[in-house]
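Start from chain A and add chain B according to the hints.
Quick mapping for you: the protein sequence lines, in order, are chains A and B. Per the numbering used here, residue 1083 is the first one in the first sequence, and the count goes up by one each step. Per the numbering used here, residue 1083 is the first one in the second sequence, and the count goes up by one each step.
Here are the simulated DSSO-like cross-link-like pairs (lysine-lysine), alpha carbons at most 30 Å apart as the crow flies:
{"no.": "1", "chain 1": "B", "residue 1": "Lys1212", "chain 2": "B", "residue 2": "Lys1236"}
{"no.": "2", "chain 1": "B", "residue 1": "Lys1212", "chain 2": "A", "residue 2": "Lys1212"}
{"no.": "3", "chain 1": "B", "residue 1": "Lys1332", "chain 2": "B", "residue 2": "Lys1236"}
{"no.": "4", "chain 1": "A", "residue 1": "Lys1272", "chain 2": "A", "residue 2": "Lys1236"}
{"no.": "5", "chain 1": "B", "residue 1": "Lys1332", "chain 2": "B", "residue 2": "Lys1272"}
{"no.": "6", "chain 1": "A", "residue 1": "Lys1332", "chain 2": "B", "residue 2": "Lys1212"}
{"no.": "7", "chain 1": "A", "residue 1": "Lys1212", "chain 2": "B", "residue 2": "Lys1332"}
{"no.": "8", "chain 1": "B", "residue 1": "Lys1327", "chain 2": "B", "residue 2": "Lys1212"}
{"no.": "9", "chain 1": "A", "residue 1": "Lys1332", "chain 2": "A", "residue 2": "Lys1236"}
Residues from chain A that face chain B, not an exhaustive set, calculated with beta carbons under 7 Å:
{"no.": "10", "residue": "Gln1196"}
{"no.": "11", "residue": "Arg1319"}
{"no.": "12", "residue": "Ile1320"}
{"no.": "13", "residue": "Asp1512"}
{"no.": "14", "residue": "Thr1514"}
Sample of chain B residues facing chain A (criterion: CB under 8 Å; computed from the structure):
{"no.": "15", "residue": "Gly1142"}
{"no.": "16", "residue": "Phe1194"}
{"no.": "17", "residue": "Asn1316"}
{"no.": "18", "residue": "Pro1511"}
{"no.": "19", "residue": "Thr1514"}
Worth flagging that the hints you see were computed from the coordinates, not collected in a lab. All C-beta atoms in this analysis are idealised placements derived from N, C-alpha and C, irrespective of residue type, glycine included.
Number of protein chains: 2
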Amino acid sequence: MNTRLIAPIALSLVLASPAAAQLGPGPCEDACTLDQVADWALDNDRIAWDFVEAITTEVGPRQAGTEAEERARAWAVEWLEEQGFSNIAVEPFDMETWVPGESHRVEILSPFPQPMVVQPLGNSASTGDKGIEAEVVGFESVGALMAAPNGSLKGKIAYISHDMRPTQDGSGYGFAGPARWIGPGIAAGKGAVATVIKSVGTDFRRNPHTGGTSFPDRTTPIPAGALSLPDAANLERIFERADGKPVRMKLVLTPRMIGTTQSGNVVADITGSDPSLPPVLLACHLDSWWNAPGAFDDGAGCGIIAAAALNVAKAGQPLRTVRLLIAGAEEVGLWGSKAYAEAHADDPIAVGIESDFGADRIWRFESNFRDSNPDLHRQLAQSVARFGVADSGIVASGGADLNIAREQGSAIIDLQQDGTRYFDLHHTPDDTLDKIDPEQLRQNVAVWTQVVGILANTAGPLKRSE
Amino acid sequence: MNTRLIAPIALSLVLASPAAAQLGPGPCEDACTLDQVADWALDNDRIAWDFVEAITTEVGPRQAGTEAEERARAWAVEWLEEQGFSNIAVEPFDMETWVPGESHRVEILSPFPQPMVVQPLGNSASTGDKGIEAEVVGFESVGALMAAPNGSLKGKIAYISHDMRPTQDGSGYGFAGPARWIGPGIAAGKGAVATVIKSVGTDFRRNPHTGGTSFPDRTTPIPAGALSLPDAANLERIFERADGKPVRMKLVLTPRMIGTTQSGNVVADITGSDPSLPPVLLACHLDSWWNAPGAFDDGAGCGIIAAAALNVAKAGQPLRTVRLLIAGAEEVGLWGSKAYAEAHADDPIAVGIESDFGADRIWRFESNFRDSNPDLHRQLAQSVARFGVADSGIVASGGADLNIAREQGSAIIDLQQDGTRYFDLHHTPDDTLDKIDPEQLRQNVAVWTQVVGILANTAGPLKRSE
Chain A
1083 MNTRLIAPIA LSLVLASPAA AQLGPGPCED ACTLDQVADW ALDNDRIAWD FVEAITTEVG
1143 PRQAGTEAEE RARAWAVEWL EEQGFSNIAV EPFDMETWVP GESHRVEILS PFPQPMVVQP
1203 LGNSASTGDK GIEAEVVGFE SVGALMAAPN GSLKGKIAYI SHDMRPTQDG SGYGFAGPAR
1263 WIGPGIAAGK GAVATVIKSV GTDFRRNPHT GGTSFPDRTT PIPAGALSLP DAANLERIFE
1323 RADGKPVRMK LVLTPRMIGT TQSGNVVADI TGSDPSLPPV LLACHLDSWW NAPGAFDDGA
1383 GCGIIAAAAL NVAKAGQPLR TVRLLIAGAE EVGLWGSKAY AEAHADDPIA VGIESDFGAD
1443 RIWRFESNFR DSNPDLHRQL AQSVARFGVA DSGIVASGGA DLNIAREQGS AIIDLQQDGT
1503 RYFDLHHTPD DTLDKIDPEQ LRQNVAVWTQ VVGILANTAG PLKRSE
Chain B
1083 MNTRLIAPIA LSLVLASPAA AQLGPGPCED ACTLDQVADW ALDNDRIAWD FVEAITTEVG
1143 PRQAGTEAEE RARAWAVEWL EEQGFSNIAV EPFDMETWVP GESHRVEILS PFPQPMVVQP
1203 LGNSASTGDK GIEAEVVGFE SVGALMAAPN GSLKGKIAYI SHDMRPTQDG SGYGFAGPAR
1263 WIGPGIAAGK GAVATVIKSV GTDFRRNPHT GGTSFPDRTT PIPAGALSLP DAANLERIFE
1323 RADGKPVRMK LVLTPRMIGT TQSGNVVADI TGSDPSLPPV LLACHLDSWW NAPGAFDDGA
1383 GCGIIAAAAL NVAKAGQPLR TVRLLIAGAE EVGLWGSKAY AEAHADDPIA VGIESDFGAD
1443 RIWRFESNFR DSNPDLHRQL AQSVARFGVA DSGIVASGGA DLNIAREQGS AIIDLQQDGT
1503 RYFDLHHTPD DTLDKIDPEQ LRQNVAVWTQ VVGILANTAG PLKRSE
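One chain only, chain A, in its complex shape (with noise of 0.2 Å):
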């Protein structure tokens, strides 16, 4: 066991927060086993509930490029202090920053007046402080909006729904996501003074999706927001008893941009025994959107990956370092995941893993070295299967903070979380603490902790050429 590393993390527990304080004994009196300190966690991880709680409490939402985005980190920092990391550093760099205003209202004038509930999406712009009112145009995909002749939105708003599943991979964010992500583009493009969509997600609370949208270049933003699916649903029955009638929208949406700002990606290492071998990179992102603290997205992430680090530590020195990338303005445009992929370009990485995906349960795991390398792959999978994961044989991608590994064609893990619910909260101010389920944040931590572990302790390397 490495003292230096110990030693830290024991100060800790009478140094520290309360709650850091409480982090409780150890997994084993004497020298732990990998698979001993991951069953313990299963139990009694109390990191990673420490981080999400501490930092939704403490600093609340944190819009990336803004000065509560600047607090976070130094708060990431000081955490990290108190956990014993070491390196611990923020990497600085600069952004084009959003911010979503004062004003964010919306309401039916003719033929049934009433207001609903709307938030802006990122990279909307203003419809000044007075507003837009104007007849309001329903379609029912991204597709049929495309398919609306040039020029026949021209002083209209444009309304876009969408048909939203919750399941279990998440995959129902991809045949949605296009009204979010390219719809509010498309109607610019055919002359719409504004756009409102139907949130993106799968739940029915007065609480809008916000998210990116974006603009293609020669097309000059619009105002864009998304109303929650309760009013959405709420416009298309007043579409219905409208028979024919304009339904005329007055909207207020007051975002701006304000130029050239600070974020930057947060840094911190359990320094491995071998300097000489590449890290085992661990990504989440610090940044949440303005209008929640960022519980399951994606404070539980970064939670999660701290614990997992920290655990690996408790069975003795790993042979590589275990980074952590807590990344900067993700949320916005990957800003910190690029900034980070440039800035070590040079710094090859063994393998890397991201936890963006909420705070359920993991049930499956995937790799993109099954092929080059299926021995590890293989006691990859089986050491994780006694938490109730699935092996897969699809190739893992990385998330978004992981330009690096996809960029230096490095291994990638994804260890997939349960997405049933997840788009009922995301992006949402519903994305609160009260959220997460200790239970299956802890099997998060025991699944990380095994995974980690192995990849820290594994010489060799883990992505062979094929």
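Chain B in isolation, oriented as in the chain A frame:
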């Protein structure tokens, strides 16, 4: 069968809205028994759904005393005409009207700055546009607040918590409700400049539960708001993590009293064959809070009573008139109930029944004549046992809109609905159509049809002198 009654109903199938036209074929080819109609309603009723779907779509929120509630009355009159009710009338009354204003914001200033979600309570004063900044002091209950020394809250914002759990009979409301009903008044009396409460509810969504509060006679109203339950939980964690450091809050709420405006009750009859007999009075309320279209509270209730009245007529003209009281301004102080009781003090009613507890299934039958008229009590209880309704020895006391029944000492029946999820939605923006389970809604209609049909065809006094 009375053709005068049936004709307009049949007519409505041709002339009325497309929704009404879908109400479908009747329960049987020729003369129907009441049991047949009730059984048919269990699987086939569309009237209640049509009402609540249409009012939430075509009217939306309808705050008492405002233009929106006036639109709702006009809408209700038209709907009742389409359904073939008789003696449809609006009975106007004056009221003192509170409106919520535009700005509802709260943020923690220190030690952990972040925005939260708040909505004003009915009768809240305004902070002014610039808001109030002050230290917030937490109380775990109204009892703890009461124990605070007089003057000890001078210049402070009081936060009042509680511990409400879901219950089938809604009894948790009685324990937690005082935090809202009297908490702000008590805090004001001790010098507080404002109050925020943990929403009186049982969900974990970022949607506050509003509702009326009141201030004692010689206490000047202060601004009073409800935090959503996740925000209240967060504030409590902030107190804990602040570790004695003052927690400062900025609160902006801009409600106002707008003076005397007009509200009104909407009444309508299914005329009985013996006008000398006192009518059966079915009550619900038309107004909702401004923040939701009032599907559970109380669009569903109005749909249920209207459907029951129309269904009873399908078994032939009843002996007694069945009268709907669709009350105005219930939420803000039972103005409609009081006005109706006063205006009709000399018009005896036979029995009062109200539906105002959502749209989930009825599970218990209660009357206030079990002792005085045990045969009728037993007949009614037995008649709805096949719909899964239990008998009860609890003495019915009637809902908020049945002041007239209490003042006249008439018979009262309570058809108790399952309230397990009622306080997830109560007075929140989430009280929308999608929350209604059509199957449970129809069970309500079936039970009501059965009970109202028996009552409307019982000639003698329902509640006998004891």
